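Visitor: Starting from the known structure of chain A, fit chain B with the ligands onto it as the hints suggest.
The chain contents come next:
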Amino acid sequence: MKKDIILAGVGGQGILTIATILGHAALNRGWQLKQAEVHGMSQRGGDVQSHLRLSDKDIHSDLITMGDADMILSVEPMEALRYLPYLAADGWIITNSKPFVNIPNYPNPEDVYTEISKTTNHLLFDADQIAKDIKATRSMNIVVLGAAIKHLGFSEQEIADSISAIFSRKGEAIVEANLKALKAGIALS
Amino acid sequence: MEKLMLLGDEALAQGALDAGISGFYGYPGTPSTEIIEYVQRSKQAITDKVHRTWSSNEKTAMESALGMSYTGKRAMVTMKHVGLNVAADPFMNSAMTGAHGGLLITVADDPSMHSSQNEQDSRFYGRFAMIPVLEPSNQQECYDMAFYGFELSEKYHIPVMIRLTTRLSHSRSGVVRRNTLPQKPCNKPEDIFQFMLLPAVARKKYKNLINLQERFVEESTQSPFNEYYLDAKDYSKGLITTGLAYNYLREVYGDAPIPYPVLKICQYPLPASKIHELYNKCESLYFFEEGMPIVEEQIKGLGFSGMKPIHGRLDGTLDRDGELNPNKVAKALGLPSKYGKDVPEIVAGRPPALCVGCPHADSYLALNEAIKEYGRGHVFSDIGCYTLGFMPPYNAINSCVDMGASITMAKGAADSGHFPAIAVIGDSTFTHSGMTGLMDCIYDKSNVVIVILDNSTTGMTGGQDYTAFGRLEEICLGLGVEKDHIRTFFPFVKNHEEMIRIYKEEIAYEGVSVIIPRRECVQTLKKKNKREA
Ligand SMILES: Cc1ncc(C[n+]2csc(CCOP(=O)(O)OP(=O)(O)O)c2C)c(N)n1
Ligand code: SF4
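Sequences listed follow chains A and B, in order.
Its first residue numbered 0, the first sequence is counted upward by one per residue in numbering that gives the first Met the number 0.
Its first residue numbered 0, the second sequence is counted upward by one per residue in numbering that gives the first Met the number 0.
So here's chain A without its partners, still in its complex pose (with noise of 0.2 Å):
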């Protein structure tokens, strides 16, 4: 079993921590893992991707294969597109709908939505939105990773495990709007 996921954003957005939990996942599996990150200039709100690799073998290059990609997982929706190339063609585009604007040309969005639903596989949703309803703001990004479980062969448990472990050091409150998050973005797949 491997699983190649591009995860995109925009600089600041937290998808090093959607990788995290998502690693941490697959090492209590017992997998193997690789995960190219982005550091240095385009942290400064420019576009951001990381490749994440997880597989039950070993794994070679720190990238992911253009055309390749079980899917991309993406906490912007612009930002879902410009990893296409990446894409497997039964590949998933899982992403957040809220724009990020921080350029003076950020196209339509209903244009980037049109786009998105071209794909064969994809869920669109205001992550941003949902994690405000249930009052966890903060927990956008684990929305949006909590829709993508399913499809990447994860269990509820295994990643609420995970959350617990990583942001123990942070408190019951956040481990619990995590876990909220982590929920609601099910409930989405």
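Everything labelled a hint here was simulated from the structure, so no lab data went into it.
Mixed in with the good hints, there may be bad ones.
[Unchecked claim] Here are some of the chain B residues that sit facing chain A, going by a computed Cβ distance under 10 Å: (1) T29; (2) P181; (3) Q182; (4) C384.
Being a predicted model, the structure only gives us computed values, none of them experimental.
Every residue, glycine too, gets a C-beta built ideally from N, C-alpha and C.
Guide: Coordinates of chain B with the ligands only, in the frame set by chain A:
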């Protein structure tokens, strides 16, 4: 033993810690920064009192590491590729003095220029200095090469270069640790001539370095990190990979065996006999190098007639620039290349930008206003977050070349009568290499305005300390700037008019002025508040 999930940078740092290192020296620079940041967080490093504070620049770091090696202890210096240009003098000469305690020179290259001005390949420097170079292909090798590199360094009393590239530096994977070694005792070199590069001594040392070359080739040939798969099904192609290019090759074939013979090279100088063997067996050679075609060029030379075909970056089989990936490798081998769908046209570029609330923004808006009457083309700048002031809506600066060049380029322009000649430099960049340029200005009484943007941190690389923190005025005064022409202000919308006035007054002054806008970077401020909360 336990398995850690580490970035390539971190794996190397942990390896060096476990191998009994006594000190890391370096100046931040993507993608090398995480090595020392990791050590600064490491409980092991704190308990073992391993040196881990930042140096003023790569040259001072290189020399400090050499000084630690002089005492018999193991040391490492870290930098990004262009940092080695700054450290080139001590670097080249350290190959002549050699090392006493194990000395690793870690240089992280940035092919594709994700966060850099160029994509120079540090292996050229390794070859130039005639020292062994190690180029890990994965995180575990980063860890293991720290042990191996120190041993190699001590065996031949020679500094060893470790060359990393962005994709390995910033990619995370599992690393198995070994038993830790104790630090070395502090003892002087036995040979009193070792570090004395007077010509008479240096000539002997150079002959010695030349004589060592054969031994280095033997070491590479036997190296556990160089792997030779010379038996294969198909000899129409012979493949040579360097560093992490090997992973892409493996990836392309998936579970299937690679049909051609392969040399996986991770230690230099090149194991020449193995390359001869491959050349003799195969009808053509293919080179896959992360970086410049340095091995390809060595083998191909001028491409004499009768030579078998050699493919790589030089003949267009692979792109001449940019980093490799599995798709490029597949295409070069004539394999079907996979591809998803094209990026829709509506997707707009999202370049990095100054953060909302960044103090540099306020400094630039006022500067633009103050020099409006002169038109564009008067502001020489430098490298840091403030380089983003080139972008709209600021369009505030006109140059970015190498660290420190703002001041000296403004000086050269002022010398030829360009007015006003303004330099804009960050506080960390000023510390790194702005002071000597400022002294040149003072010596010549050049008509320049030097703006030192003090956001109290090294912002671009994620917020590191720098050595001149809190002492900028004192330093400028000490170097000879007149007291009345060292001006400071708080860059903030409310102070817009005051800032414009100060800029204008100092532009009008004929001589060296220094203006220091001072307000903390909003990112470091946020981090600090979080820590305190
Ligand atoms: C010789 C060299 N060393 C390191 C770097 C990496 N680097 C680029 S900008 C920068 C620091 C910028 O800090 P500062 O001058 O304080 O400006 P800020 O980013 O905080 O605005 C560093 C370390 C480089 N480009 N060249
Ligand atoms: S990190 Fe700091 S210095 Fe850099 S753009 Fe953001 S606020 Fe400005």
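Visitor: Please go over all the hints and tell whether each is borne out by the structure.
Guide: Structure-based check of each hint:
1. Interface hint at B:T29: satisfied, since its Cβ lies 4 Å from the closest Cβ of chain A, which is below the 10 Å cut-off.
2. Interface hint at B:P181: violated, since its Cβ lies 31 Å from the closest Cβ of chain A, which is beyond the 10 Å cut-off.
3. Proximity of B:Q182 to chain A is violated relative to the hint, the smallest CB-CB distance being about 30 Å (cut-off 10 Å).
4. Hint status for B:C384 relative to chain A: holds, with the closest Cβ pair at about 7 Å, below 10 Å.
In this structure, the earlier hints numbered 2, 3 are contradicted, and the remaining ones agree with it.
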